[in-house]
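Could you build the full structure based on these sequences and the hints that come with them?
Spelled out, the chains give:
2 protein chains.
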Amino acid sequence: MKAILANLAYYLKRIVMHKEFQVADSRVTLRDIAREVGVHPSTISRALNPATREMVTAEIAERTLAAAERLGYRPNTFAQSLKTNRSYTVGVLVPDLTNPVFPPIIKGIDRTLEEAGYTVVVANSDNQPDREQMCLERMQERRVDGLILATARLEDPTIERCLREKLPFVLVNRTTAKNDIPSVVADETAGIKMLVQHLTDLGHRRIAMVSGPHHSSTGLWRFEAYVSALRDHGLEFAPELATQSDTFTEEDGQLAAARLLQSGHDFTAIIAGNDMIALGCLSALKNAGLKCPDDISLAGFNDMRFIDRIDPPLTTIRIPLEEMGSYAARMLLGDLNDDPSSPQTIRIVPRLMVRSSTGPAK
Amino acid sequence: MKAILANLAYYLKRIVMHKEFQVADSRVTLRDIAREVGVHPSTISRALNPATREMVTAEIAERTLAAAERLGYRPNTFAQSLKTNRSYTVGVLVPDLTNPVFPPIIKGIDRTLEEAGYTVVVANSDNQPDREQMCLERMQERRVDGLILATARLEDPTIERCLREKLPFVLVNRTTAKNDIPSVVADETAGIKMLVQHLTDLGHRRIAMVSGPHHSSTGLWRFEAYVSALRDHGLEFAPELATQSDTFTEEDGQLAAARLLQSGHDFTAIIAGNDMIALGCLSALKNAGLKCPDDISLAGFNDMRFIDRIDPPLTTIRIPLEEMGSYAARMLLGDLNDDPSSPQTIRIVPRLMVRSSTGPAK
DNA sequence: AAATTTTCTGCAAACGATTGCAAAAACTAT
DNA sequence: ATAGTTTTTGCAATCGTTTGCAGAAAATTT
Numbered sequence: 045m046k047a048i049l050a051n052l053a054y055y056l057k058r059i060v061m062h063k064e065f066q067v068a069d070s071r072v073t074l075r076d077i078a079r080e081v082g083v084h085p086s087t088i089s090r091a092l093n094p095a096t097r098e099m100v101t102a103e104i105a106e107r108t109l110a111a112a113e114r115l116g117y118r119p120n121t122f123a124q125s126l127k128t129n130r131s132y133t134v135g136v137l138v139p140d141l142t143n144p145v146f147p148p149i150i151k152g153i154d155r156t157l158e159e160a161g162y163t164v165v166v167a168n169s170d171n172q173p174d175r176e177q178m179c180l181e182r183m184q185e186r187r188v189d190g191l192i193l194a195t196a197r198l199e200d201p202t203i204e205r206c207l208r209e210k211l212p213f214v215l216v217n218r219t220t221a222k223n224d225i226p227s228v229v230a231d232e233t234a235g236i237k238m239l240v241q242h243l244t245d246l247g248h249r250r251i252a253m254v255s256g257p258h259h260s261s262t263g264l265w266r267f268e269a270y271v272s273a274l275r276d277h278g279l280e281f282a283p284e285l286a287t288q289s290d291t292f293t294e295e296d297g298q299l300a301a302a303r304l305l306q307s308g309h310d311f312t313a314i315i316a317g318n319d320m321i322a323l324g325c326l327s328a329l330k331n332a333g334l335k336c337p338d339d340i341s342l343a344g345f346n347d348m349r350f351i352d353r354i355d356p357p358l359t360t361i362r363i364p365l366e367e368m369g370s371y372a373a374r375m376l377l378g379d380l381n382d383d384p385s386s387p388q389t390i391r392i393v394p395r396l397m398v399r400s401s402t403g404p405a406k
Numbered sequence: 045m046k047a048i049l050a051n052l053a054y055y056l057k058r059i060v061m062h063k064e065f066q067v068a069d070s071r072v073t074l075r076d077i078a079r080e081v082g083v084h085p086s087t088i089s090r091a092l093n094p095a096t097r098e099m100v101t102a103e104i105a106e107r108t109l110a111a112a113e114r115l116g117y118r119p120n121t122f123a124q125s126l127k128t129n130r131s132y133t134v135g136v137l138v139p140d141l142t143n144p145v146f147p148p149i150i151k152g153i154d155r156t157l158e159e160a161g162y163t164v165v166v167a168n169s170d171n172q173p174d175r176e177q178m179c180l181e182r183m184q185e186r187r188v189d190g191l192i193l194a195t196a197r198l199e200d201p202t203i204e205r206c207l208r209e210k211l212p213f214v215l216v217n218r219t220t221a222k223n224d225i226p227s228v229v230a231d232e233t234a235g236i237k238m239l240v241q242h243l244t245d246l247g248h249r250r251i252a253m254v255s256g257p258h259h260s261s262t263g264l265w266r267f268e269a270y271v272s273a274l275r276d277h278g279l280e281f282a283p284e285l286a287t288q289s290d291t292f293t294e295e296d297g298q299l300a301a302a303r304l305l306q307s308g309h310d311f312t313a314i315i316a317g318n319d320m321i322a323l324g325c326l327s328a329l330k331n332a333g334l335k336c337p338d339d340i341s342l343a344g345f346n347d348m349r350f351i352d353r354i355d356p357p358l359t360t361i362r363i364p365l366e367e368m369g370s371y372a373a374r375m376l377l378g379d380l381n382d383d384p385s386s387p388q389t390i391r392i393v394p395r396l397m398v399r400s401s402t403g404p405a406k
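As given, the protein sequences belong to chains H and C, one line each in that order. As numbered in the working numbering, residues 45 to 406 make up the first sequence, in order. As numbered in the working numbering, residues 45 to 406 make up the second sequence, in order.
Treat the hints with caution; some may be incorrect.
[Unchecked claim] Straight-line distance between alpha carbons at most 30 angstroms, and here's what the computed DSBU-like set of lysine-lysine pairs gives:
(1) Lys335(C) x Lys335(H)
(2) Lys222(C) x Lys335(C)
(3) Lys222(H) x Lys210(H)
(4) Lys406(H) x Lys330(H)
(5) Lys222(C) x Lys237(C)
(6) Lys237(C) x Lys151(C)
(7) Lys127(H) x Lys127(C)
(8) Lys210(C) x Lys127(C)
(9) Lys222(C) x Lys151(C)
(10) Lys330(H) x Lys335(C)
(11) Lys127(C) x Lys222(C)
(12) Lys237(H) x Lys127(H)
(13) Lys210(C) x Lys127(H)
(14) Lys127(C) x Lys210(H)
(15) Lys127(C) x Lys330(H)
(16) Lys210(C) x Lys222(C)
(17) Lys330(C) x Lys335(H)
(18) Lys210(H) x Lys127(H)
(19) Lys151(H) x Lys151(C)
(20) Lys222(H) x Lys237(H)
(21) Lys151(H) x Lys222(H)
(22) Lys330(C) x Lys406(C)
(23) Lys127(C) x Lys237(C)
(24) Lys151(H) x Lys237(H)
[What the hints assert, rightly or not] Simulated coverage check for chain C against chain H, where a stretch passes if three residues somewhere in it have a Cβ under 8 angstroms from a Cβ of chain H:
(25) 112 to 126
(26) 152 to 165
It should be emphasised that the hints constitute simulated quantities derived from the structure, not laboratory data. We treat Cβ as the ideally placed atom computed from N, Cα and C, and that holds for glycine.
Structure below.
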């Protein structure tokens, strides 16, 4: 008796490390249904799974489905996943959930994967590479069946890791320097060409660019397209008119635009690497006492929500973001691959949205 | 031999129903570590779990942790969850992920729950009640340990269901008519009082309201606060100056404001039920050839992202949305309850943000 | 009717982790 | 050295589902 009390006291010292709340408990199992229907649980399992339902008689299938409904049976997904080694979960990694570009992409992904029986888990890296690694680790702990990454850099350790560990993944919005990675991106080149065309049509000959960071495809490739499109219009690329924002945020965009304005170089228009950078450019213009588009025209990229409501409504390149997400999900599911051994890139065709942030050159 | 071939042919008829892609397979188990360390797997389990680590010697714990790291061990969460009946997942249900109010709330929730060892799964109901039920069902299939609902109506079948099934949940942003539901909401009354005070200080005596739908607390309670605050200022509530938007969207807000303008009743200011409705009111004012704030002043609620960038920058009530999310998560974890049997409501103190959409009454 | 073939069903093992309990080992008191 | 107490560890069962295989039952062929 004394040993029993001592043992109890010993184990009561255990400390619960996780903060935990009371969990609802509903436990109808295959066994319960089997008792009702009068067959073995393995037969119930086969009857409930559409893929194996033909292996049981129609009568047993019918009675099984009725009993399952009556008893409120809900499969235990832990047990299923333990046996099948599949979670039917897909991880989506975004750099910043509060950036309006990403919610519609996620929505498109979610819609498509939901139809295929998957659940989406979203993680937010806050544009921090070490946080990115942590997010990936957490997702692997959850045994996600695949990944959709909106965080890609041209050189990206996360992608290297996914390749090394043979994790199925697709890139969305940004891609990587490697050519053989499945991706769904905007046609950056076509988009920037439209902007340069639009601005030269307005008479602009000195067109600056505040690009995104060149470690990302959305940064570097849009910049390269700008250089190329200038040449297409017989304009010479002027390096002093190009500057780089450290991130795709208003704050860093404002800093980069301020540097450009302080350099004293002459230009009549700015192409911003994306709409967030464009907002930063607007702030920098205002701080410098310049009016848009009277003094400097401004164009962005993405046509993110509300960009048509700012002052002035922004000329930008529209990307159908939900569709982009949907394509990425379908690519992950293998829908879009004629040849699964040959990864592909889908480039979404953009549209030019002309609003009042661009006007004739002074 | 013929029976074997017949059996094979029979089973080859099975059809895979889910679209599936190749899943990565990494299988280091407790057994592998046990072999390395030379103890039983149950001892490894105890050594790896901080809550039970004191039940093994320091030497075995040390060698276990080293072997786990060297072998790249990752617990099988399916097996853990099957045994413990816990998923360490929390479901968050929002009406519209692309509404800028929700991403920061989700961010706050995610940050807090992540620290407590939980993963967040977000579902999007698209403001459709039947989709809401489907989302809830999906989350229950995943055996979420708890829920945070941003979708509450004053009378809400989803909440009834959660209560009936004893699912742990917390409401965020909106609450329900029941008094004893754990919720984290803005102090609607204080916020609307500030707006009415601000507008009467500007000389407005005819203040209209385009509220949100009265089936939600954010709709009805903000409206009731408006009525009450008018009285506080010796102004009589004029029913013809109040209209209701069917949803918290630009489109429905615009329709409601247009009805108000077409009614021909005289007013000099509008309080919108939230910032999205305010954007709709702006469109309606523009269509009616009215200028804001020269002809009609306008105020919103939430201070959602970019609302300070529109034309004109909106006067509104700021709610710290990430904090709101964080409070909700902590409430679910039981952090904020002195008395767990007595559910509470946290009302977040708002701030008035005066911008150029409000000016002196004409 | 008997033999053969096809369909259906139960058995048993597996998936990987946790945990109550009892036995073994280690430590302390006499 | 022996007895008593405490700590540590292994055993075995469990969680709920899936699935290969073999035997049983049903259907078809001879």
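How the hints compare with the structure:
Restraint check for Lys335(C) and Lys335(H): the C-alpha separation of about 21 angstroms stays at or below 30 angstroms, so the hint holds. Proximity of Lys222(C) to Lys335(C) is assessed by CA-CA distance (about 42 angstroms); at most 30 angstroms being required, the pair is judged violated. For a cut-off of 30 angstroms, the pair hint linking Lys222(H) to Lys210(H) stands: about 16 angstroms separates their Cα positions. Restraint check: the Cα-Cα separation between Lys406(H) and Lys330(H) comes to about 18 angstroms, which is no more than 30 angstroms; the hinted pair holds.
Proximity of Lys222(C) to Lys237(C) is assessed by CA-CA distance (about 24 angstroms); at most 30 angstroms being required, the pair is judged to hold. Among the hinted pairs, Lys237(C) with Lys151(C) is consistent with the structure: their alpha-carbon atoms are about 29 angstroms apart, no more than 30 angstroms. The straight-line distance between the Cα atoms of Lys127(H) and Lys127(C) is roughly 14 angstroms, inside the 30 angstroms bound, and the hint therefore holds. About 21 angstroms separates the Cα atoms of Lys210(C) and Lys127(C), which keeps this hinted pair within 30 angstroms; it holds.
Restraint check: the Cα-Cα separation between Lys222(C) and Lys151(C) comes to about 27 angstroms, which is no more than 30 angstroms; the hinted pair holds. For the given pair, Lys330(H) sits about 23 angstroms from Lys335(C) by alpha-carbon distance, which is consistent with the 30 angstroms threshold. Of the pairs offered as hints, the one joining Lys127(C) and Lys222(C) is violated, with about 36 angstroms between alpha carbons and a cut-off of 30 angstroms exceeded. Taken as a hint, the Lys237(H) and Lys127(H) pair is broken in the structure, with Cα atoms around 52 angstroms apart against an allowance of 30 angstroms.
The straight-line distance between the Cα atoms of Lys210(C) and Lys127(H) is roughly 29 angstroms, inside the 30 angstroms bound, and the hint therefore holds. Restraint check for Lys127(C) and Lys210(H): satisfied, since their Cα atoms lie roughly 29 angstroms apart, inside the 30 angstroms limit. Distance check on the hinted pair: Lys127(C) and Lys330(H) sit about 61 angstroms apart at the alpha-carbon level, beyond 30 angstroms; violated. A threshold of 30 angstroms between alpha carbons decides the hint, and for Lys210(C) with Lys222(C) the separation of about 16 angstroms falls inside it, so the pair holds.
Between Lys330(C) and Lys335(H) the alpha-carbon distance is near 23 angstroms, which keeps this suggested pair within the 30 angstroms criterion. Among the hinted pairs, Lys210(H) with Lys127(H) is consistent with the structure: their alpha-carbon atoms are about 21 angstroms apart, no more than 30 angstroms. Of the pairs offered as hints, the one joining Lys151(H) and Lys151(C) holds, with about 16 angstroms between alpha carbons and a cut-off of 30 angstroms not exceeded. Straight-line distance between C-alpha atoms of Lys222(H) and Lys237(H) comes to about 24 angstroms, which keeps the hinted pair within the 30 angstroms bound.
With a CA separation close to 27 angstroms, the supplied pair Lys151(H) and Lys222(H) stays within the 30 angstroms bound. Straight-line distance between C-alpha atoms of Lys330(C) and Lys406(C) comes to about 18 angstroms, which keeps the hinted pair within the 30 angstroms bound. With a C-alpha separation of about 52 angstroms, the suggested pair Lys127(C) and Lys237(C) falls outside the 30 angstroms cut-off, and the hint is violated. Note on Lys151(H) and Lys237(H): the hinted pairing holds, with a Cα-Cα distance of about 29 angstroms set against a maximum of 30 angstroms.
Restraint check on the segment 112 to 126 of chain C versus chain H: 8 residues with Cβ-Cβ distances below 8 angstroms, three needed, restraint holds. With 7 residues carrying a beta carbon less than 8 angstroms from a beta carbon of chain H, the segment 152 to 165 of chain C meets the three-residue requirement, and the given coverage holds.
Of the numbered hints listed earlier, those contradicted by the structure are 2, 11, 12, 15, 23.
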